[in-house]
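Chemist: Two independent chains are provided; combine them into the complex using the hints.
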Amino acid sequence: MKRRDFLKVLSAAPGIAAFSCADRQEAERLAAEPDSISDADLSWQKAPCRYCGTGCGVEVGVHDGRVKAVRGDEASPVNRGLLCVKGYHLPAFLYGEDRLRYPMKRDGEGYTRISWDEALDLAAKKYQETLDQHGPEAVAIYGSGQWTVFDGYAATKWFRGGLRSNNVEPNARLCMASAVTGFMTQFQSDEPMGCYDDFEAGDDFVMWGNNMAEMHPVLFSRILESKRTKPGVRIIDIATRRTPTSDYADMYVEIIPGSDLALANGILHLLIANRQIDQQFIAENVIFKRGIEDLDEIGYGCYGEQAEHYTFKDKGRNASLAELETFLADYTPEKVSAITGVPTGQIHSLAKLYGDAGRGTVSLWCMGVNQHVRGTWMNNLITDLHLLTGKISKPGSGPFSLTGQPSACGTAREVGTLAHRLPADMVVTKEAHRAKAEEIWGLPEGTIPPKPGYHTMDMFRALMRGDVKTMWIQTTNPWVSIPNLHRIDRQQGPDGNFNDGRFIIVSDIYPTPTTAIADLVLPAAAWVEREGVFGNSERRTQQWNKMVEPPGEATEDAWQIVQVAKRMGMGHLFPWPDDNWHEPMYEEYRRFTVGHGKDVAAYTQLKETRGLRWPVVDGKETRYRYAAGHDPYVQKDQGVHFYKAKGYGEKAAFWLRPYHPPAEAPDDEYPFWLSTGRVLEHWHTGSMTRRVEQLHQAMPEAFVELNRADATELGVTHGDSVRLRTRRGSLELRAEIDGRGEPPRGSVFVPFFDESKLINRLTLDAMDNISKEPDYKKCAVRVERV
Amino acid sequence: MRCARRTSLNRLLLPVTVLVLATACSPPPASEINGEGKTVASVRAERRAFDGAPPTIPHTSFGMACVSCHNLEGVAVEGVGYAPPSPHDKTLGMSAVSRCQQCHVFAGTDQVSTGNKVANHTVASNTVASRPFVGNTFAGLRQDLRPGRRLHPHAPPTMPHKTLMRENCTACHAGPAAREEIRTSHPERPRCTQCHVSVETRSTFTVPAAISNPASPAPTGG
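Line by line, the protein sequences are chains A and B.
When you number the first sequence by my numbering, it's gap-free, plus one each residue, and the end is 786.
When you number the second sequence by my numbering, it's gap-free, plus one each residue, and the end is 1222.
Keep in mind the hints are simulated off the structure, nothing from the lab.
Some hints here could point you the wrong way.
Unchecked claim - If you want a taste of the chain A side facing chain B, the calculated C-beta under 7 Å gives, among others:
hint	residue
1	Gly-81
2	Cys-84
3	Val-85
4	Glu-97
5	Pro-217
6	Gly-358
Said to hold, decoys possible - Derived list of chain B stretches under chain A, where covered just means 3 residues or more per stretch with a C-beta under 8 Å from a C-beta of chain A:
hint	segment
7	1165–1171
8	1186–1193
We put the beta carbon where it would ideally sit given N, CA and C, even for glycine.
For reference, chain B alone in the conformation it holds in the complex (with noise of 0.2 Å):
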């Protein structure tokens, strides 16, 4: 199986293509895998509670507006990786984002997040003890994987997501921050809508048969 693609990259993206063929095919070796054989799926899945939700932030707080990294190119920071530009465009009305932390949070990387490990620290009988993270058992969507469809071989596929909050396309389709796989392999073409079309589900008020009204609920003994 050939992973890598030689397509009409560009010029620009010509060394990154050159290292993909020299690592070839074969399967990865876990040390390249952030050490833990995870995929960029698997690495992406963690950063969110589920496909759509906005991702944590992966890294420590550096005291920096989120902007002089994420600006509009994305920025390479040496020993973190590279920071990709906001994929948040023009979402109607909305656009005015530069509150990031109004929807991304750190994970947990910060000095916050120790918190949750303080002694117990109890305050009077009535409370209860600072403790750790209870559990949750949410299982969120996960992402689609599956590419955007083709009428015919030569006809653009279409997108395979909502554009919400994803006005931006090079954000994630180009650069080196963008995966292999949904790489554009013409980013001297910025007005991608013009030929890839975005396959909006709208929501119906119909309600599942299956979902009726609480009856009352038989008593089951103590």
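One chain only, chain A, in its complex shape (with noise of 0.2 Å):
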């Protein structure tokens, strides 16, 4: 530091030397405040964050009942200490100034507070009321991701078990389920069979359409620091739009919205054509599969009969490694760079990637994959990269999902609280699982119904039908996240009330467009203001305590579901004491997992501990499932095992998937994608992040990101009001140009968190064949200058 700069600063900011007096002083005084507290003063505990399927681990400091800070808890393996900006402003969404703190019942254009009493009683009159004129395909629970497994479990056991309902549905639906059928379809098991270790063990990370930098930050940050640390570390970006991972990332592959299946495809061919595969591993553990792929039989479930009913079922056959050949045949480099408008040069380079046996490659994914009208396909297409290669289930190797919801995992996943599902991979359509299930929790046999309830789309479709009439829903905000809203909307008569036949529950902690449509309104206790476990997206199950009480008279979620569950004579399924109810609820839920390669670990080891990644076996947990040496299912000294695969004797199943077209696509009266996500400031709907005055302040609306040269042909600039219309809505916008985001030419992307422009009016509802998760990244819009 020279003079000359010194000098320069003390004349731009001549206060400097005035405060330091005034300060000392302002330590003084407040260091003779008696009430002055420091941080020895907290009592501090350790949770994981509220927000997204990461699972930082965070302490939480609390003084006289109210939590006064955060920090990043340096014991736990996941973020060992570092949080994002989410997560270091995390105690403020508890204390947003509108939080529900009574039930209240709809009364016209308002609503009137009520005693919980009446609030249950009304919610259990109704259920019973459906039960009774329109038997159990008529009621419903919605909940999500961001349950915690007390939730998902009081909520799947009330259903299946007590009103004989698989009614159940998570928004998990719209988030990760074409993950769970990839998985399910190739191991016969759902979740990673890797762990957070791989971003300091792998060495390439393939990102399919993943803006890791800004929906997962803090493990994005593992994998810079591991580039940083250890040379030839390399992260390639596979994207529709630039994004902050792109800044990143050694090489930015732009593919055509949808055309991933053929780049997918494309790298096969390229690593069969140059025998990189690994021939042995082949042998030894995998089959191969092959299903429907008629794009008419299948179609996108928004179109003619499918938009009231998709039930598309996929049906597999068994194919061969020769098959494959002759099915890659129409892969060759040249045709799909013609599909995926990525050059040859990049698509053999990818296949050098996954084809270099002495490097460990991870794929990680999320929503770009995930929320596909071939979503499973595509999760299949990835795995097989894995399964042609042997690298899977090796430290450094395999293919990752990456969850968005703290416990997508944990109770949408694993408690199972899809339509079709019951705890630790078993499904309500096999007579041993539901005998299993029923044997648990002491029913007698036939109790639980065979068929799966409606997935998400049907069930709100269900709903404005009147197929459904009544549903509650919990800690999720479908007004906001459902796409193609029109479908849902919700009329009032002239005297404010909905007189349809239908009752909606809704339970959250703030208002939202949810909640504004509800007849019944119950105020829910939030993250620390109860007890809780979570899953994360690498099978960490996490524990934490209640810290402080939750404002107003707000109540748990699970605490919800048990009270009106008694009140309608099905307290038997809810045996324990009101005052400890959470450990024995827990522990029965994991009889289900216990022994089956799905053991989550005992509520004591969870209390102790900064969670453990399942399959927990003798107090230990498994980094790498299926593979020896480190799951205590496998038996062999080397290698791996899928020894859950019991229908493919025990190996994985590798599934030919073609490339089909996106359900929409641009033409000349709507030009452009319109591709749809998050922000690193904003999660989910924003119902929690916007009540936070740092985080709302930094992005307080939502926005369009448009490429430079289509905003200058259209005479528009950075903050202009543009406005987007599609075939199913319009909505006006600010235009941001060269922001964080910049799409290619003919593509523009929205943030869904803002409740006041809400985007999905606009989108598609087109979902997955398989998984039914609906595809808010590809419809479209026409872009107009306001």
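Modeler: Written as structure tokens, this is what we have:
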């Protein structure tokens, strides 16, 4: 530092000297205050972060019944002390001024405060009436991947074992259902084999449609740190737009939306052509399967009759490596380049990377692959790349699906709150699985119905048709997050009430567009206002204690469910004392998992650790599933054993999956692609993060990212208002040009966090044929200058 | 009361000291403190949700990489102030922090923030109109301004805070952006932790006795 610079500083900030004087006086004054509290005065406890599926550990500082601070938990193996901006501002989301505090009943245009007794009686009465008059298919409960294990377990047990209805769904259907069907079709067991340790162990990180820098920032930091300390680590960003992730990529591969299917097949083609496959691994561990591929038969779930009921079922048949070679003849680099827009050189590079036996390869994906009209296929194809090269179930190599919600894995997938699932990979369609659930739940044989309930998209369609009459929504905000929202507009009558014969109960912590259409609003306790368990993306189950009281009369979601069940004479499902039900409920759930390679840790162990990755056998966690030396269920000395895939001879299934075009593509009338997603500062529909001042100020409203060349052609500059119009609706947004994301020409991107700028009024309700997860990433839009 | 200590400030800091002494220690004129009579501690607090939260960025976006000013030594920016260097040096496994905006967001001073003032924009009967920030009653932990402890007058003080994300001591304790009372008297000796140890508090997993599981709330009437 030069003397000249110092003088410059002093001239720029003349107050420096005076500051320190006043500040010292302030310090002396505060130190003398009797109620002055410091870090050490706070009571600190561990908890996982409330937001995404990463599952960062935080330490929560409480004083006098209020959360005063959080800090990254250095003892957490997930984040080692680091958080992202949402995590650092975590405690403030509890204290928004408009927290819901009391049960409220719709009363014309407004709401009337009622007591919990009245509220619970009313909910129980409505469920009972609907059951009596319309049967179990007319009741539903819709939760989320933010349900704790307790909430999800209470909901699934009450519905399947009490109401005898499988209409239990989580918003995870909109989020990672395609990953579930991907893993299930290939391994007959859900969730990845690898873990976050791969971020240090791997050499190449291939991101398939995954803006990890904004969506899983702390995990991205781990990769960046690995890149910094280990020369040669590479990041490959396969994407439809440039994002902050692209800034750190060694190779950016820009694809035409939906063409990832062709790109993956193109890589498979080259791996076989170059003989860069692991013959021995394939012979020992892989079978080949092929499903229905006829586009007309499959459809997209949003046209014709499929727009009311989408019930397509895939049928697999056996295939072979020889058949695969023939199948892939269509996917030469030249043909793939024509479909994807990717130069052939990049396709060769990707094949070389996956084919390099000397380097660990981790494939990462999240919503880009899952929210896809062929999302299950795309999940299959990514895993296929690893099966063909034997790069799976070993440190530093494997297909790793990331999740967006804190307990998408722990609750939606492991407890099984999807309409067809039971805990621990079991399904309602199998008699033996139902029998096992009935045995653990102490219910008579035949209690659980064998027919799966509605998947989310059909559930809301059924609600609007009137086939579902009573629905309870917890921990989610579908009137912002469902695609093509026009289809679920609920019309008020002249008196302000919804006189449509439906009854919608919404439990939440803040008013949202979803509570705005509710007949009954129940205030929920959030995060550390209650005891909970979440399961993150790497199979880590994490427990936290209740640390502060919820505001007003708010209660936890699971408690609300149990109380309604009790009022309906189903108290036998929840036989635990009111003051100690968490641990026994969890231990009952754990019985489903033990002995099946899904073993979650004992509650006492969860309380004392920063979580453990299942299967947990003899108190020890598993880093790599199916891998000898790691997974206690593998008896072999070396290699892998896909022991869960009983139906495939304990081998993994390689699925041949073709390229299909998206449901809607730009044309003369609607010439742009529209993709939607999240931003770093906000989580999901923003009902929590938009109440945090720092986050709200940094990102107060939704915008539309435009390519500069397109903007120039339209006569639009940064900050101008533009109108987006699709076949479903229109929306005015501020144009963002050369911002943090940069879409290529002919495409735009809009985040969905802003409830006053509902982009889902424009999106299409097309969905994946197998998982029934909607595609929020691809539809046709027109951009107009306002 | 003497506010500016004349200890063994190194030669580079001498000009600062001279000015410090020149302004002496009468109550500072309001105009010199951002025009609002704010202390440095209160300015610091305003930029944080609580002590321990990453500060928001107090200036507008200049369209440059953060590290072009917030470099290893810091830079004086005319009309803005002194851009301090980053204190994040080698957080275990997490030192790739060129992604500053992963944790630090603009404090509503850039163009984006005007969005919460836009006119109501009703898109459908079932949606709520755009509205200003609803308010938040979160009261975060304040900065503990008590200094570190000394075993005896000649012993080095302990650090009153944790070192996580604060490995580069000189970012805050030396240079023109350093507040006077925490500015080191010996910036020429870079191995701070050789003499100053951190008081690390660790969480325990005990449940406070006052917190129990929720019992059935008493009905309160409509």
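Chemist: Does each hint hold? Answer for all of them.
Modeler: Here is how each hint holds up against the structure:
For Gly-81 (chain A), the shortest C-beta to C-beta distance to chain B is roughly 5 Å, which falls under 7 Å, so the interface hint holds. The interface hint given for Cys-84 (chain A) holds, since its Cβ lies 5 Å from the closest Cβ of chain B, which is under the 7 Å cut-off. A distance limit of 7 Å between C-beta atoms decides the matter here; for Val-85 (chain A) the minimum to chain B is near 5 Å, and the interface restraint holds. The closest approach between the C-beta of Glu-97 (chain A) and any C-beta of chain B is roughly 4 Å, which is under the 7 Å cut-off, so the hint is satisfied.
Against a cut-off of 7 Å between C-beta atoms, the interface hint on Pro-217 (chain A) holds, since the closest Cβ of chain B lies about 5 Å away. Interface hint at Gly-358 (chain A): violated, since its Cβ lies 25 Å from the closest Cβ of chain B, which is beyond the 7 Å cut-off. For the segment 1165–1171 of chain B, the stated coverage by chain A is violated: 1 residues have a C-beta nearer than 8 Å to a C-beta of that chain, whereas at least 3 were required. Counting residues of the segment 1186–1193 of chain B whose beta carbon lies closer than 8 Å to any beta carbon of chain A gives 0, which falls below the threshold of three, so the coverage claim is violated.
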